[in-house]
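Chains as they are written, first to last, in the numbering used here: chain A, 10 to 223; chain B, 10 to 223; chain C, 281 to 584; chain D, 281 to 584.
Note that these hints are calculated values from the structure, not bench results. These numbers come from a predicted model, not from an experiment. Since no wrong hints were added, every one of them can be taken at face value.
Calculated cross-link-like contacts (lysine-lysine; reagent style DSS-like; alpha-carbon spacing at most 27 Å): (1) C/K322 / D/K444; (2) C/K322 / B/K141; (3) D/K467 / A/K75; (4) A/K134 / D/K339; (5) C/K467 / B/K83; (6) C/K339 / D/K396; (7) D/K339 / C/K444; (8) C/K396 / D/K339; (9) C/K353 / C/K339; (10) A/K134 / D/K353; (11) D/K393 / C/K339; (12) D/K444 / C/K339; (13) C/K393 / D/K339; (14) D/K339 / C/K394; (15) B/K134 / C/K353; (16) C/K452 / C/K394; (17) A/K176 / A/K58; (18) D/K573 / D/K467; (19) C/K452 / B/K141; (20) C/K353 / B/K141; (21) A/K75 / A/K121; (22) C/K560 / C/K394; (23) A/K141 / D/K452; (24) C/K339 / D/K394; (25) C/K444 / B/K141; (26) C/K444 / D/K444.
Covered stretches of chain C, going by a simulated chain B footprint (3 or more residues, C-beta under 8 Å): (27) 372–379; (28) 483–490; (29) 516–525.
Glycine residues also receive a C-beta, built at the ideal position from the N, C-alpha and C atoms.
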Amino acid sequence: MKIRISVSLACAAVAYAASALAAPPSGKTIAQQGNGKGAPGCISCHGDKGQGNAGAGYPYLAGQPKAYLVHQLKAFADQTRKSPVMQPFASALSAEEMDAVAEYFAALPLPKTGGKAGTADAVGKRLATQGKWSVGMPACFQCHGDRGQGVAPNFPAISGQSEDYLKKQLEHWRKGERSNDPIGLMQSVVGHLEESEIAAVSRYLATLSPAKAP
Amino acid sequence: MKIRISVSLACAAVAYAASALAAPPSGKTIAQQGNGKGAPGCISCHGDKGQGNAGAGYPYLAGQPKAYLVHQLKAFADQTRKSPVMQPFASALSAEEMDAVAEYFAALPLPKTGGKAGTADAVGKRLATQGKWSVGMPACFQCHGDRGQGVAPNFPAISGQSEDYLKKQLEHWRKGERSNDPIGLMQSVVGHLEESEIAAVSRYLATLSPAKAP
Amino acid sequence: MDIRFLFLFTLVVFATGNAARAEPAQPAGEAAQAVTTPIPVKAFQPPSEDTIPDDEFGKMVRLGKNIFTHTDKYAAKYVGNDQKCVNCHLDAGRLAHSAPLWAAWVRYPAYRKKNKMVNTMQERIQGCFRYSMNGTPPPADGETIKALMSYAYWLAEGAPTGVKLPGQGYPKLDKPKLEPDYERGAKIFAQNCALCHGADGEGVRQGDEQVFPPLWGEHAFNWGAGMHRINTAAAFIRANMPLGKGGSLSVQQAWDVAYFINSHERPQDPRFEGDLKATKEAFHNHQCRYGDKVGKTVLGQSSQ
Amino acid sequence: MDIRFLFLFTLVVFATGNAARAEPAQPAGEAAQAVTTPIPVKAFQPPSEDTIPDDEFGKMVRLGKNIFTHTDKYAAKYVGNDQKCVNCHLDAGRLAHSAPLWAAWVRYPAYRKKNKMVNTMQERIQGCFRYSMNGTPPPADGETIKALMSYAYWLAEGAPTGVKLPGQGYPKLDKPKLEPDYERGAKIFAQNCALCHGADGEGVRQGDEQVFPPLWGEHAFNWGAGMHRINTAAAFIRANMPLGKGGSLSVQQAWDVAYFINSHERPQDPRFEGDLKATKEAFHNHQCRYGDKVGKTVLGQSSQ
Numbered sequence: 010m011k012i013r014i015s016v017s018l019a020c021a022a023v024a025y026a027a028s029a030l031a032a033p034p035s036g037k038t039i040a041q042q043g044n045g046k047g048a049p050g051c052i053s054c055h056g057d058k059g060q061g062n063a064g065a066g067y068p069y070l071a072g073q074p075k076a077y078l079v080h081q082l083k084a085f086a087d088q089t090r091k092s093p094v095m096q097p098f099a100s101a102l103s104a105e106e107m108d109a110v111a112e113y114f115a116a117l118p119l120p121k122t123g124g125k126a127g128t129a130d131a132v133g134k135r136l137a138t139q140g141k142w143s144v145g146m147p148a149c150f151q152c153h154g155d156r157g158q159g160v161a162p163n164f165p166a167i168s169g170q171s172e173d174y175l176k177k178q179l180e181h182w183r184k185g186e187r188s189n190d191p192i193g194l195m196q197s198v199v200g201h202l203e204e205s206e207i208a209a210v211s212r213y214l215a216t217l218s219p220a221k222a223p
Numbered sequence: 010m011k012i013r014i015s016v017s018l019a020c021a022a023v024a025y026a027a028s029a030l031a032a033p034p035s036g037k038t039i040a041q042q043g044n045g046k047g048a049p050g051c052i053s054c055h056g057d058k059g060q061g062n063a064g065a066g067y068p069y070l071a072g073q074p075k076a077y078l079v080h081q082l083k084a085f086a087d088q089t090r091k092s093p094v095m096q097p098f099a100s101a102l103s104a105e106e107m108d109a110v111a112e113y114f115a116a117l118p119l120p121k122t123g124g125k126a127g128t129a130d131a132v133g134k135r136l137a138t139q140g141k142w143s144v145g146m147p148a149c150f151q152c153h154g155d156r157g158q159g160v161a162p163n164f165p166a167i168s169g170q171s172e173d174y175l176k177k178q179l180e181h182w183r184k185g186e187r188s189n190d191p192i193g194l195m196q197s198v199v200g201h202l203e204e205s206e207i208a209a210v211s212r213y214l215a216t217l218s219p220a221k222a223p
Numbered sequence: 281m282d283i284r285f286l287f288l289f290t291l292v293v294f295a296t297g298n299a300a301r302a303e304p305a306q307p308a309g310e311a312a313q314a315v316t317t318p319i320p321v322k323a324f325q326p327p328s329e330d331t332i333p334d335d336e337f338g339k340m341v342r343l344g345k346n347i348f349t350h351t352d353k354y355a356a357k358y359v360g361n362d363q364k365c366v367n368c369h370l371d372a373g374r375l376a377h378s379a380p381l382w383a384a385w386v387r388y389p390a391y392r393k394k395n396k397m398v399n400t401m402q403e404r405i406q407g408c409f410r411y412s413m414n415g416t417p418p419p420a421d422g423e424t425i426k427a428l429m430s431y432a433y434w435l436a437e438g439a440p441t442g443v444k445l446p447g448q449g450y451p452k453l454d455k456p457k458l459e460p461d462y463e464r465g466a467k468i469f470a471q472n473c474a475l476c477h478g479a480d481g482e483g484v485r486q487g488d489e490q491v492f493p494p495l496w497g498e499h500a501f502n503w504g505a506g507m508h509r510i511n512t513a514a515a516f517i518r519a520n521m522p523l524g525k526g527g528s529l530s531v532q533q534a535w536d537v538a539y540f541i542n543s544h545e546r547p548q549d550p551r552f553e554g555d556l557k558a559t560k561e562a563f564h565n566h567q568c569r570y571g572d573k574v575g576k577t578v579l580g581q582s583s584q
Numbered sequence: 281m282d283i284r285f286l287f288l289f290t291l292v293v294f295a296t297g298n299a300a301r302a303e304p305a306q307p308a309g310e311a312a313q314a315v316t317t318p319i320p321v322k323a324f325q326p327p328s329e330d331t332i333p334d335d336e337f338g339k340m341v342r343l344g345k346n347i348f349t350h351t352d353k354y355a356a357k358y359v360g361n362d363q364k365c366v367n368c369h370l371d372a373g374r375l376a377h378s379a380p381l382w383a384a385w386v387r388y389p390a391y392r393k394k395n396k397m398v399n400t401m402q403e404r405i406q407g408c409f410r411y412s413m414n415g416t417p418p419p420a421d422g423e424t425i426k427a428l429m430s431y432a433y434w435l436a437e438g439a440p441t442g443v444k445l446p447g448q449g450y451p452k453l454d455k456p457k458l459e460p461d462y463e464r465g466a467k468i469f470a471q472n473c474a475l476c477h478g479a480d481g482e483g484v485r486q487g488d489e490q491v492f493p494p495l496w497g498e499h500a501f502n503w504g505a506g507m508h509r510i511n512t513a514a515a516f517i518r519a520n521m522p523l524g525k526g527g528s529l530s531v532q533q534a535w536d537v538a539y540f541i542n543s544h545e546r547p548q549d550p551r552f553e554g555d556l557k558a559t560k561e562a563f564h565n566h567q568c569r570y571g572d573k574v575g576k577t578v579l580g581q582s583s584q
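The shape of chain A in the complex, shown without the other chains (with noise of 0.2 Å):
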């Protein structure tokens, strides 16, 4: 048993490599099978569509800028964005491989998550689209599209992502454990809010979707 998976593991990895010597895996591929050289396919947690998996905490990718999904990417292997789950996967992919990937994402719709009328937080609203600016900080949705859908190439859509996903990162730009925002300007932005504040700006943003405007 033990042997025979072995082989024919070996078998796959080998036909595998052979076509990658003729051409690199599409995206798609990448995206669905992983590039059989440790980065597993993408949709095993992000979801079929990249719609990501909320209660897991996983983000959609579907319709994120590709320029972003492919600084994120760079940023797990390099551990500017710290994740022990995605830096062997991302360093497992060529620059090459990176491109394609996010390439594939990038042109999925963007997911109908999120939609959840009548959740809306006070306060998290107020921070996604007025911002706090006593303390100097823009709304959300100043960068980030005005329903939070995301502006290319640089800034990600937020709406309807994961409410963990947006929590965890918000804390982990504030604690250093994710570094990677151009100019620090999230590390910058996050700095000027409360604990209080990170939970309902992503409660908030968590109930819209960014395929619509809120």
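With chain A's structure known, arrange chains B, C and D on it following the hints.
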């Protein structure tokens, strides 16, 4: 000597009385010669052109509204305007004579008195042109014309009037020695002024010429 | 901070709702005597006339003041009668309880029921020209409006934006005990008002100068002006008339004389489009006599 | 009384004239880090968004806010580029040191050297449309101006009329130690500004939405806008840019990058009448590059 004079006076009186029976003396006659019944010629005190005598504190009459002049003569007679000097003279005039002499003076041009440029008193000027509304007092010029030239039929000219005369009148209003003002307006207005303000506004008005803009 | 609130004395008791206030009996045939004692009112103090700056802005403020006090001379082409701004806004727009400019400045833009829309200050001023001065509104972007706005703004120096200041407008008046009456009003008018405004409300002109404004007739404010409303006129009169003796008429007298004054013909409401009844229904749902029959005249019928 | 002054923290040290303030060295090639510590500034606090009244006036205020924040959508016909009011007046016109509307409201009418006359608030706003938005001034008596005025007035609730409030305009900047430099500015731009404004200052559009405004080129503010002046732009940048990191550039960096940004071609000064030199002499006696040769281009020469 004494007799001759008496005779000539008697003759004049007889002649005058005779002519009076024929027609009442004209306003001009009364102004210049009196009415022969106890009222001397007005001009002996008020000037040959009705221009007053500022030094002696006698007001000008020339160019004053006729109705105003009549009203004053009546007031002297009934003592709503107290004047030991004017009371007997005014009492000696018939209503017809008052009307005639008032008409005569009203038709004369306003005198070219005052006009001492550069002597403007700030307090006096403010009272004359702006009033003292903090206590409800309108500007003098609001009712007496925009340069104090009088407004027929009820508001006399005050610009260029004898400073002494103006001051006395304002004090008389205050003490109730003059109470012939319509609706008690002047009494009310003066009640809001301090003694120093009465002096200031009198001084200021005396410098102006009623015949031209200040 | 440059907000100056001083305790000023005004001549007006405007204790609205104080029904217990004594209405002194008036000796018949005599002019009303002062019935109120000055009470302290915390009022905003506009800056002194002397402090208008000696620069381009100051020039505009001075022009505004001149337009305000001599509207007939400085804004002649927009004035259609013998009225000036200062006739309703005493002391050159400075006087509390006489619709002072400083209080108005900090309250616009505002919604007005009169035209059912938000009005800017410039529109409010244009309204004065259209109705009170029975003329043509000066253009919104012209010098006349700019100068008047500059003057009002300057007068309001230090006044808090958007705040209803003590002394704004005319003090709201208690209702009269008796229904306002024409005959009583006529007597009060003859005793207290005719001296300046003339026996027939015609006002006084002297040369080319309007000294006392007409209160009715073809040279008066028109049927759209605020002052044609009996309550508005009564409030103004009670607080400010006779000039220099504001507060001397009783509340009842103010209502009666306002009723009398506004029971006379005056220039047509400029919103009139040919149908008196329609105009009355559309624009005169308030205390006024437009469309009422007085003697043989239906008011508004024969208006110019 | 409803005057609310709160102690707010702003991110800007605007100690003008404080030449002794340390200018920290910047690691070459790295983004500037925050160099200032927030200091307390006594600033006026405009009313909370939630308190816009639910009536006709409130509707006008909300329309004003919409025009202000989405000028391209709510006042499209008056806008000639990809600029909105809120681009220069952050936080919907509320932010101190970013030319807040509440501070402007209480300072007009005022004389302006720019056009050598007294300007009303409406004229000031019209100027923004003409220059900063390279468009057509909305009519003085139209709804666009009325709504913007209503919004500004509402924001200024309680602010004292005529008083220069802390936080008004952009905080005046110290002079730079070195003459502003194009090359240094270019580097600062690439490191700090290009992220949002694009490598060629072209800004970012998304669908029909302008997300980040262009800083030069045919869709930017024109050669008559206040922001084309190097000192004005430097002051704005130093206080407010990069967005969310105001105060992080040094004074020298702010001057350099403002110089760089304003050394590019942009739409023609609308006062231009065919002669560049004449326009420069008449209207550009200030710190700007209009008419200067940059590379092979004379700025203003080939303007749209």
